[in-house]
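Undergrad: Here are the chains, one letter per residue:
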Amino acid sequence: MSARAYINAEVVKNLELAEGAYHLVVDAGSGMEPARPGQFVMVRPKEGLDPLLSRPFSIHEFEPRRMEILYRVVGRGTGLLARLAPGQTLSLMGPLGRGFDTTNEKVLLVAGGIGVAPFLFLARRLYEQGNSPHLLFGAKTKEELVRVEELSEFCAETVVVTEDGSRGEKGLVTEYLEAAIAKNGVQKVYGCGPVPMIRAALRIIESHGVPFFVSLEEVMGCGVGVCLGCAVPRADEGYLHLCKDGPVLDAREVKW
Amino acid sequence: MVSLGVKIAGLSLKTPLMAASGTFGYGGELLLAVGAENLGAIIVKGISLLPREGNPPPRLAETPCGLLNSIGLENVGVDRFIEEKLPFLRKHDVPVIVNILGDTANEYRDLAERLGSVDGIAGLEVNIGCPNVEAGGMSFGTAPAASALVTEAVRSVWPGFLMVKLTPNVTDITEIARAVEAAGADCLSLINTVRGMAVNVDTRKPRLKNVIGGLSGPAIKPIALRMVYETWRAVKIPVVGVGGITSALDALEFLIAGASAVQVGTANLVRPTAIREIAQGLRDYLASRDIPDINDLVGSLIL
Chain A
1 MSARAYINAE
11 VVKNLELAEG
21 AYHLVVDAGS
31 GMEPARPGQF
41 VMVRPKEGLD
51 PLLSRPFSIH
61 EFEPRRMEIL
71 YRVVGRGTGL
81 LARLAPGQTL
91 SLMGPLGRGF
101 DTTNEKVLLV
111 AGGIGVAPFL
121 FLARRLYEQG
131 NSPHLLFGAK
141 TKEELVRVEE
151 LSEFCAETVV
161 VTEDGSRGEK
171 GLVTEYLEAA
181 IAKNGVQKVY
191 GCGPVPMIRA
201 ALRIIESHGV
211 PFFVSLEEVM
221 GCGVGVCLGC
231 AVPRADEGYL
241 HLCKDGPVLD
251 AREVKW
Chain B
1001 MVSLGVKIAG
1011 LSLKTPLMAA
1021 SGTFGYGGEL
1031 LLAVGAENLG
1041 AIIVKGISLL
1051 PREGNPPPRL
1061 AETPCGLLNS
1071 IGLENVGVDR
1081 FIEEKLPFLR
1091 KHDVPVIVNI
1101 LGDTANEYRD
1111 LAERLGSVDG
1121 IAGLEVNIGC
1131 PNVEAGGMSF
1141 GTAPAASALV
1151 TEAVRSVWPG
1161 FLMVKLTPNV
1171 TDITEIARAV
1181 EAAGADCLSL
1191 INTVRGMAVN
1201 VDTRKPRLKN
1211 VIGGLSGPAI
1221 KPIALRMVYE
1231 TWRAVKIPVV
1241 GVGGITSALD
1251 ALEFLIAGAS
1261 AVQVGTANLV
1271 RPTAIREIAQ
1281 GLRDYLASRD
1291 IPDINDLVGS
1301 LIL
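As they're listed, the protein sequences go chains A and B.
Position 76 of the first sequence, counted from 1, bears residue number 76 in the working numbering, the numbering being contiguous throughout.
Position 298 of the second sequence, counted from 1, bears residue number 1298 in the working numbering, the numbering being contiguous throughout.
Okay, chain A solo, but in the shape it has when bound (with noise of 0.2 angstroms):
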């Protein structure tokens, strides 16, 4: 049961990419179970209780001992966790959640900046299975489309889309999914991004009929599943709870 409690990793890199945009590399040591792509983890502080919660972040990629995260800093906490420096020393908790299936079919990227987080070791996974997934990355600027040449390697094909133009095609990345769809006789789409950018998919990809799963993000307690902090609302009724449910899920599940 290792997955439920916290083990100290030591920080390898913690790089700046883009203005607030940070790339975390961690020595989880052996303490850490192996992870799928999609998962994520719980980060904290090693020692305090303010900030009190510890926040989770989707598994950027993964190796035995070798942890990265994608982060951007929003608040306090990742306020905190950009100031580590190599050699330090974090807490963190998993894998824990739900990752994304990897069985083979024609798959279709979809990222909004930072977002593109759990894609780099998704993106591998399939590679490595000959079944290099299509990739469609959008940011505001040529900045923001961080990590693209690394996950590119791993990519049939990836198109890039900024809303100034200072990189690819000018505009959202909505306005190419249509063709991207249409183009590669996609079989699955797996979002992740601002949630207007999903919504907006959301319509595109149904009005193919082809299913759409996405990793979504929200407010976390525990991370475990005990304290129902993180609802989602359900389509029908009722709530998901994006730790234990997600935090990849089916985006017709939910009521967006």
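Negatives, chain A to chain B, calculated, CB over 10 angstroms:
(1) Leu17
(2) Gly31
(3) Glu33
(4) Gly79
(5) Pro95
(6) Arg98
(7) Thr102
(8) Glu128
(9) Gly130
(10) Thr158
(11) Glu169
(12) Lys170
(13) Phe213
In silico DSSO-like pairs for lysine-lysine, Cα to Cα no more than 30 angstroms straight-line:
(14) Lys1205(B) - Lys140(A)
(15) Lys244(A) - Lys1205(B)
(16) Lys1091(B) - Lys1007(B)
(17) Lys1091(B) - Lys244(A)
(18) Lys1209(B) - Lys255(A)
Calculated directly from the structure, the hints in this document are not laboratory data.
Idealized CB from N, CA, C, for every residue including glycine.
Chain A is already provided as a structure; the job is to place chain B on it using the hints.
TA: Only chain B this time, still in chain A's reference frame:
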């Protein structure tokens, strides 16, 4: 060898550490992380007669050393609890205390009756912090008469261990405590969460969808400790301390101030192994001071 065992109103606990309701799920998720030998009792997530789906998100907001929540009493309902959750809990050598909640005194009574018909439940904890639907929605626990009414309703059908959880959102908690004691409670647990609020100054929206929530965590510990102390002096039945306990030192403060046992709540969310670590900290404290028995500390406050 030091002893952490305590006995409260006839219920024997291996340690004075109970897992507080709503922070340990239905036991399965965290029991293995803590170890049955460290756990005095599990108080399961509050159960109502019918399932409740809970409040819309956001349900959580972090504050300095604190957590505001408005989960909204989401639970699977008593029938699913008995069918799906209780069998797992029964398998472990840890007393199971069921936290119950309702909209009316009759609902509390019906719940207690239903739970009385099955094996494997060591006791009940009555959450009287719920809105009293028949009296305009004001919390049962804020009025002595309504608190007593619910306690009597449960007592009339439940002869076993009966703990009543008091809300701190009152002017004088000892008045409620005495009313609940007179109505037949075996012991009191306190405090429930403190009503609170937080605002996002960028959006000017409340940080909880429900606007107001309950504050827990280290931020409320001094309030809880004060109320435990006041209540311990005001009643004859045992008091169980709850509120912001995250370390052995916190637990010791409560025991010294009069608590016969304590509940660990939000700390379980912060670290699933919290109770294991606190139990070890208590053993170390006793051993290092040559105190053989944790009960020697209860109410040992020197004024």
